[in-house]
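Sequence lines, in order, name chains A and R.
Note that UniProt numbering has the first sequence beginning at 1, numbered continuously upward.
Note that UniProt numbering has the second sequence beginning at 1, numbered continuously upward.
There could be a bad hint or two in this list.
One copy or two, either will do: identical chains are not told apart, so a pair holds if it fits within one copy or between any two.
Simulated pairs of lysine-lysine, DSSO-like, Cα-Cα distance not exceeding 30 angstroms [unchecked claim]:
1. K145 with K281
2. K264 with K77
3. K268 with K312
4. K268 with K10
5. K348 with K268
6. K3 with K145
7. K348 with K312
8. K102 with K312
9. K145 with K348
10. K102 with K10
11. K10 with K77
12. K348 with K102
To be clear, the hints were calculated from the coordinates, so they are not data collected in a lab.
These figures come from a predicted structure and were not determined experimentally.
Number of protein chains: 2
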Amino acid sequence: MSKYWSQLVKQTDPYVPGEQPSTSDVIKLNTNENPYPPSPEVTQAISRQLNDSLRLYPPPSVDDLRETIGDYYGVNKNQVFVGNGSDEVLAFSFMAFFDPGKPVMFPDITYSFYPVYARLFQLEARTVPLTDDFSIPVEPFFHAKGGVIFPNPNAPTGKYLNLEAIEQILIHNPDNVVIVDEAYIDFGGESAINLLDRYDQLLVIQTMSKSRSLAGLRVGYALGRNNLIEGLNRIKNSFNSYTIDRLAIAGARASFQDEAYFQKTRAKIIRTRNRVTDELKQLGFNVIDSQANFIFITHSGVNAGQLYQQLKANNIYVRYFDRPRINHYLRVSIGTDEEMDIFLNQLKNVL
Amino acid sequence: MSKYWSQLVKQTDPYVPGEQPSTSDVIKLNTNENPYPPSPEVTQAISRQLNDSLRLYPPPSVDDLRETIGDYYGVNKNQVFVGNGSDEVLAFSFMAFFDPGKPVMFPDITYSFYPVYARLFQLEARTVPLTDDFSIPVEPFFHAKGGVIFPNPNAPTGKYLNLEAIEQILIHNPDNVVIVDEAYIDFGGESAINLLDRYDQLLVIQTMSKSRSLAGLRVGYALGRNNLIEGLNRIKNSFNSYTIDRLAIAGARASFQDEAYFQKTRAKIIRTRNRVTDELKQLGFNVIDSQANFIFITHSGVNAGQLYQQLKANNIYVRYFDRPRINHYLRVSIGTDEEMDIFLNQLKNVL
């Protein structure tokens, strides 16, 4: 605490990201990164951009990348906003669409950055308890008094909400912006992008960090109607004109142009997830049904916090959240088959 | 305007950056980019980082780069904050150190993003008029009722304020954060970094976009006492955990390690600026004394707005601000000698 801090900074309760160990001999299953490298097209495109043009600012409105993303999803580039990772897109969205005095509604167990944003932007957070099986209940989100946001699949549970349920939430919130945070949608779910032409108030946020193996490049994006995108642009252009660097633009565009690689790697991860789920169940774990690139697991005979420490001592990093309702669970990112076999063997040793 | 926008977004008055023409046959003297490419070490370092590690998040606290910058300036890494361009550092600083209800003070003619931030964060802006010769007057900043911020050299004038004057402002503001925005300091001025060990409340912000030819990479940084840096970290970690991508980290570090190149290119720009200043004066221009990589010029016989258009029609882009007190001036970035000769010849044609 410092006398020079604003009231705002004094009130913050910053997000704590998963550890990024600097050694490479760690099996890193703690931040939902993709175990496979990005498409070779990505590194080639960045290489081509690695020239004197670095001295120039990037195009501030990122038109080319917005067009690439728009083409990929079949929408106009004016329905696309691009940011420095989906976290920046989320932060701008909280500023653009949620108002102090009107509560923002999200599940009680969810991406732990939402309450951080609510605090930073001095918004009242109203949480909706997940059901006992960790499903997002639909009716409590009807007729919200302010904005609505939830991840789909949810984090850290991995549980998916089908589009019919999301549509019910939209129908019952005609005047509130509803944000579906689809960081993990490519691992099995159907995107709410398919609802965009029917709902003015829907904003869908995705990231290139997970399914496109580009966590190190910082690109996220939002799709929505023009007036929502314009709202995001007004915030961004009041904050930082150039949020996406020239190399990230080149790499991101190339990723969307290598569909075969994208399909291949995400199918691999889904296959590994399903196999590991089966094996964990055989070991007596309860595994929440996941449509993400991670699983949320618990075992009645094992203390999750201790298991987290034991795995870490063996250079296997997973994520443990010491919070009510979920402090007997571990969140485990899906690595390569080899990494997951080491993880499974370690569990067998412990059990 | 949309019914889905927050009150905040409705109140914004976004910054408008200089044009980034997509054609390459333009002489671009409008956004103060460096005419020389970054050090070859930068592109080589990025090349080496262009590998499978892109799938991993960057280190969230950017320790390596903060250490490099700290070493360069002789401070501890805990006195260094790194952001996605100095604009992001400025935005976080407005959030971390300025409070609604306490006016933030800056010159009336200055970087036009400051009033944009003030609006976004709902701060009262109190402007101090520059003197008639565009100097920043010192006394009006004494005993401010809130934070103080100014660029040094100032933009868009290029005029430099010496450290004795800055120290007077600091002495008379023991309880207010004073931010010196040194985007252009490497082109001739002395940095207020030299005052850091005497003033707790001083924050110095710099960028790699100008003197280090890395506008396309998006890296800015702040230096200050630990508690100011901690304030910035709290905001950043409530906003976006990973703002600097892996390639930008590698490139930025390499830039600080090639001191010879840095010294050579900035000396070249200073030389060109001084020569062009002399030639413009011979053409009858009034040229504000600049310690930046741009000059602010006016001519009693020429309408600045028209000259801007004429230059643009001839593929020479400069910046014109249609605002009181400066609407008969043009801001001209210093390009290569060849570019400036074309610019000077074009002026001779017009005159």
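Intra- versus inter-copy proximity for K281 and K145 (alpha-carbon distance at most 30 angstroms): neither (41 angstroms within a copy, 63 angstroms between copies)
30 angstroms Cα threshold - placement of K77 relative to K10: between (39 angstroms within a copy, 22 angstroms between copies)
Same-copy or cross-copy closeness of K348 to K312 [CA-CA at most 30 angstroms]: within (15 angstroms within a copy, 71 angstroms between copies)
Same-copy or cross-copy closeness of K102 to K312 [CA-CA at most 30 angstroms]: Intra 42 angstroms, inter 48 angstroms, cutoff 30 angstroms: neither.
Alpha-carbon proximity context of K264 and K77, limit 30 angstroms: This pair counts as within: shortest intra-copy Cα distance 27 angstroms, inter-copy 42 angstroms.
Copy assignment of K348 with K102, given that the CA separation must stay at most 30 angstroms: neither (49 angstroms within a copy, 60 angstroms between copies)
30 angstroms Cα threshold - placement of K268 relative to K348: Classified as within; 24 angstroms inside a copy, 66 angstroms across copies.
Same-copy or cross-copy closeness of K3 to K145 [CA-CA at most 30 angstroms]: Answer is between; shortest inter-copy Cα gap is 14 angstroms, intra-copy 36 angstroms.
Alpha-carbon proximity between K145 and K348, which holds within one copy, between copies, both or neither at 30 angstroms: neither (48 angstroms within a copy, 64 angstroms between copies)
Copy assignment of K268 with K10, given that the CA separation must stay at most 30 angstroms: Answer is neither; intra-copy 45 angstroms and inter-copy 45 angstroms both fail.
Alpha-carbon proximity context of K102 and K10, limit 30 angstroms: Result: close both inside a copy and across copies, 22 angstroms intra and 16 angstroms inter.
Same-copy or cross-copy closeness of K268 to K312 [CA-CA at most 30 angstroms]: within (25 angstroms within a copy, 53 angstroms between copies)
When held up to the earlier numbered hints, the structure conflicts with 1, 4, 8, 9, 12 and fits the remainder.
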